[in-house]
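*Asks:* Chain by chain, the residues:
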Amino acid sequence: MKRVSLLFTLAAAAAFSAQAASAETLKTIKDRGMLSCGVSQGLPGFSSPDDKGNWTGLDVDVCRAIAAAIFDDPTKVKFVPLSAKDRFTALQSGEIDVLSRNTTWTLSRDTSLGANFTGVTYYDGQGFLVKKSLKVNSALELNSASVCVQTGTTTEQNLADYFKGNNMKYEVIAFAGADETVKAYESGRCDVFTSDVSQLYAERLKLANPADHVVLPEVISKEPLGPMVRHGDDQWFDIVKWVLFAMVDAEEMGVNQKNLDEMSKSDKPELKRAFGTDGNLGEQLGLTKDWFYRIIKAVGNYGESFDRNVGAGSKLQIARGLNQLWNKGGIQYAPPIR
Amino acid sequence: MSIEARSPPPQLIFRLKRALGGRSGWSGVALQIVFVIALAWIGYEIIANARTNLEAQRITSGFGFLKNTAGFDVSQSLIPYSGSDTYTRVFLVGLLNTFLVSIIGIFFATVIGFVVGLGRLSPNWLLSRVAGAYVELVRNLPLLFQILFWYLAVLAALPGPRQSISLFNSFFLSNRGLVIPRAIGESGWEPFLIAVAVAVIAVLALRYYARRQLFQKGRAIRIWPYVLGLLVGLPLLSALIFGAPLSFEVPQLKGFNFAGGTRVIPEFVALTVALSTYTAAFIAEVVRAGILSVHRGQMEAGASLGLSRGTTLQLIVVPQALRVILPPLTNQYLNLTKNSSLAVAIGYPDLVSVFAGTTLSQTGQAIEIIAITMGVYLLLSLTTSAIMSFYGWRLSRSLAQ
Numbered sequence: 001m002k003r004v005s006l007l008f009t010l011a012a013a014a015a016f017s018a019q020a021a022s023a024e025t026l027k028t029i030k031d032r033g034m035l036s037c038g039v040s041q042g043l044p045g046f047s048s049p050d051d052k053g054n055w056t057g058l059d060v061d062v063c064r065a066i067a068a069a070i071f072d073d074p075t076k077v078k079f080v081p082l083s084a085k086d087r088f089t090a091l092q093s094g095e096i097d098v099l100s101r102n103t104t105w106t107l108s109r110d111t112s113l114g115a116n117f118t119g120v121t122y123y124d125g126q127g128f129l130v131k132k133s134l135k136v137n138s139a140l141e142l143n144s145a146s147v148c149v150q151t152g153t154t155t156e157q158n159l160a161d162y163f164k165g166n167n168m169k170y171e172v173i174a175f176a177g178a179d180e181t182v183k184a185y186e187s188g189r190c191d192v193f194t195s196d197v198s199q200l201y202a203e204r205l206k207l208a209n210p211a212d213h214v215v216l217p218e219v220i221s222k223e224p225l226g227p228m229v230r231h232g233d234d235q236w237f238d239i240v241k242w243v244l245f246a247m248v249d250a251e252e253m254g255v256n257q258k259n260l261d262e263m264s265k266s267d268k269p270e271l272k273r274a275f276g277t278d279g280n281l282g283e284q285l286g287l288t289k290d291w292f293y294r295i296i297k298a299v300g301n302y303g304e305s306f307d308r309n310v311g312a313g314s315k316l317q318i319a320r321g322l323n324q325l326w327n328k329g330g331i332q333y334a335p336p337i338r
Numbered sequence: 001m002s003i004e005a006r007s008p009p010p011q012l013i014f015r016l017k018r019a020l021g022g023r024s025g026w027s028g029v030a031l032q033i034v035f036v037i038a039l040a041w042i043g044y045e046i047i048a049n050a051r052t053n054l055e056a057q058r059i060t061s062g063f064g065f066l067k068n069t070a071g072f073d074v075s076q077s078l079i080p081y082s083g084s085d086t087y088t089r090v091f092l093v094g095l096l097n098t099f100l101v102s103i104i105g106i107f108f109a110t111v112i113g114f115v116v117g118l119g120r121l122s123p124n125w126l127l128s129r130v131a132g133a134y135v136e137l138v139r140n141l142p143l144l145f146q147i148l149f150w151y152l153a154v155l156a157a158l159p160g161p162r163q164s165i166s167l168f169n170s171f172f173l174s175n176r177g178l179v180i181p182r183a184i185g186e187s188g189w190e191p192f193l194i195a196v197a198v199a200v201i202a203v204l205a206l207r208y209y210a211r212r213q214l215f216q217k218g219r220a221i222r223i224w225p226y227v228l229g230l231l232v233g234l235p236l237l238s239a240l241i242f243g244a245p246l247s248f249e250v251p252q253l254k255g256f257n258f259a260g261g262t263r264v265i266p267e268f269v270a271l272t273v274a275l276s277t278y279t280a281a282f283i284a285e286v287v288r289a290g291i292l293s294v295h296r297g298q299m300e301a302g303a304s305l306g307l308s309r310g311t312t313l314q315l316i317v318v319p320q321a322l323r324v325i326l327p328p329l330t331n332q333y334l335n336l337t338k339n340s341s342l343a344v345a346i347g348y349p350d351l352v353s354v355f356a357g358t359t360l361s362q363t364g365q366a367i368e369i370i371a372i373t374m375g376v377y378l379l380l381s382l383t384t385s386a387i388m389s390f391y392g393w394r395l396s397r398s399l400a401q
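Those protein sequences? They're chains H and Y, same order as listed. Reminder that position 253 of the first sequence reads as 253 in the numbering used here, one-by-one numbering, no gaps. Reminder that position 174 of the second sequence reads as 174 in the numbering used here, one-by-one numbering, no gaps.
Incorrect hints may appear among the rest.
[Claimed, not checked] As a list, the in silico EDC-like pairs of lysine to aspartate or glutamate whose alpha-carbon atoms are at most 16 angstroms apart:
1. Lys-289/H <-> Glu-270/H
2. Lys-289/H <-> Asp-278/H
3. Lys-265/H <-> Asp-290/H
4. Lys-131/H <-> Asp-212/H
5. Lys-254/Y <-> Asp-278/H
6. Lys-164/H <-> Glu-285/Y
[What the hints assert, rightly or not] Per the computed footprint, the stretches of chain Y lying under chain H, defined by three or more beta-carbons under 8 angstroms from a beta-carbon of chain H, are:
7. 67-78
8. 287-298
9. 336-348
10. 357-364
FYI, nobody ran anything at the bench for these hints, they're computed from the structure. No residue lacks a Cβ here, since even glycine has one placed at the ideal position from N, Cα and C.
Just chain H, same shape as in the assembly (with noise of 0.2 angstroms):
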């Protein structure tokens, strides 16, 4: 019922208003009070509800950042889980504001869904996670699985160029939500449920016995996941894209949510640009000058969201890998706050 209505709304929007892309999403969000977030329907360490019904992760933090640095209130947000299908209507429809849950970026959803991707919140690629029972080492002896996925992914599209590449058959079910398709996993339908190597990890966790599953070494495809804004609106673009650079930098410049009132004292004309004491960089955003202060306050920086949500203070337990930043052997890059 949820995607018809977006639909509807998406119809509507298109056919009645007489500007749908607007220029005011700031105003927009600053007149209702709240940040309008799109998430996962729940995947453990980037959006998923705890048991008081809070919503944590990776991609959870991006929105509760960006509602800091409009309100410097990190609850200031609703939550609007969407599943893989339906997340581009809710964003195209205008349903929600930004749509941080964990997609990949690739050219065609950048140029024909009327959306832009404002930048790389984790660096991902697809793997493969099988019984330990089945003894299979590699991807390349999975001729003839049968191989569960979700559908409306990329994971699909590279699961079938992967196979199709090295010669193999395989029978692929799709489901349309995430636990649909662990179940049928679950269950015996299939020897393989293919996703982003995070999303297994996380998905691993549900089952009945993790430790019977493994993630087999192979990984077949780049995921970068990021944020994704409406075509149209140039400043909130910006906005988003700065909140995330603005949590790497923090990395970057040793700023955390423990020394943050040290630093924001201090003298070094880097920090000072970023907290706002020289010069009005924020406001040039559309946000206030302590806008920097308030987003590290909200969430940390972008190494101590990593931690708490997917890394090593996590369940998870994932490295930081290619997520660490550029000058610690990642690819994690922030342009300068200047």
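Here the structure of chain H is known, so what remains is to put chain Y in place on it, guided by the hints.
*Replies:* Just chain Y now, kept in the frame of chain H:
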């Protein structure tokens, strides 16, 4: 003074005025025309505005995407399909899968529905109670729940492919579905088909002849031995002369799955079973209502002629009940067809799943794809109603005779 008869108004114009203007005459007609123009204008504005807005947001629009490569695979397709085919092909694959599950579902729903409906009216206490319990249980549980029940609780509980239940080492049942030997046409295939066709035509002619004899001369002819002889004998003869028409490729366990053979995927089975048992419960009630609408006297008349209960039902009651049954039965067929879109919950690749689902999210062209999908369901439903109306028309004509 002569009285001249007033000439009647020209028929066509009069009817038009009546139809358009009602009682208000020409002013009514003018209003109607204005209304239609306004409606057309609003429609045009909606489309034009939507197009401008989509362009302003740089959302791709139009139907060009149908020629693009799909790049994903589908678990069941009745026509050859691979990931390098176009979205048009995906559309056809989805459409045929929807067709398949609807037609097979309608067939089984009708059979089960009639059996249960008649069973509920049976004088046999046990039979009528069992049929009643079936109807009450099945129609009061949500369909989605039933589909998931068949898929996750029944079919998923089957053993894996390596431990599958096998029959004669050629039929295998596992949680990957039912694998059966696949028939492959051999040299004797075409003569065999011709022999079957000849046999069927001969049987139809024979039946026609027998009916004429019965109705015109009152002579009952026993034709079934000839029918049997023709249907079995002719194809057998052709096979003896031209060689076996078919050979069978027996499935074998290779790697993770069976290689060779034909497979019925569990998603299809779960969906068909759920749809047919669910709709059957409603059809059973429709049948029961239809039969109860035929006067009791008809049943008694049949009994007094010495006809058995079955024969009375078959020859007297059901044909009269059909007139009442048909319209609500059509509704149930339409429901079944539309309910088949719940396939998306268990990963059966129907139209909604592969086209309005995967294709939509890959291309992002919601408006076009949803319009096409709505058009298809509308067309499917209208076709079903047209066929049923035609059947109803023939039925009422034959009853009137």
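*Asks:* If a hint holds in the structure, say so; if it does not, say that too.
*Replies:* Each hint, compared with the structure:
no., hint, verdict
1, Lys-289/H <-> Glu-270/H, "holds, 14 angstroms"
2, Lys-289/H <-> Asp-278/H, "holds, 9 angstroms"
3, Lys-265/H <-> Asp-290/H, "holds, 12 angstroms"
4, Lys-131/H <-> Asp-212/H, "holds, 6 angstroms"
5, Lys-254/Y <-> Asp-278/H, "violated, 70 angstroms"
6, Lys-164/H <-> Glu-285/Y, "violated, 51 angstroms"
7, 67-78, "holds (count 5)"
8, 287-298, "violated (count 0)"
9, 336-348, "holds (count 4)"
10, 357-364, "holds (count 7)"
This entry does not satisfy hints 5, 6, 8, going by the numbered hints stated previously.
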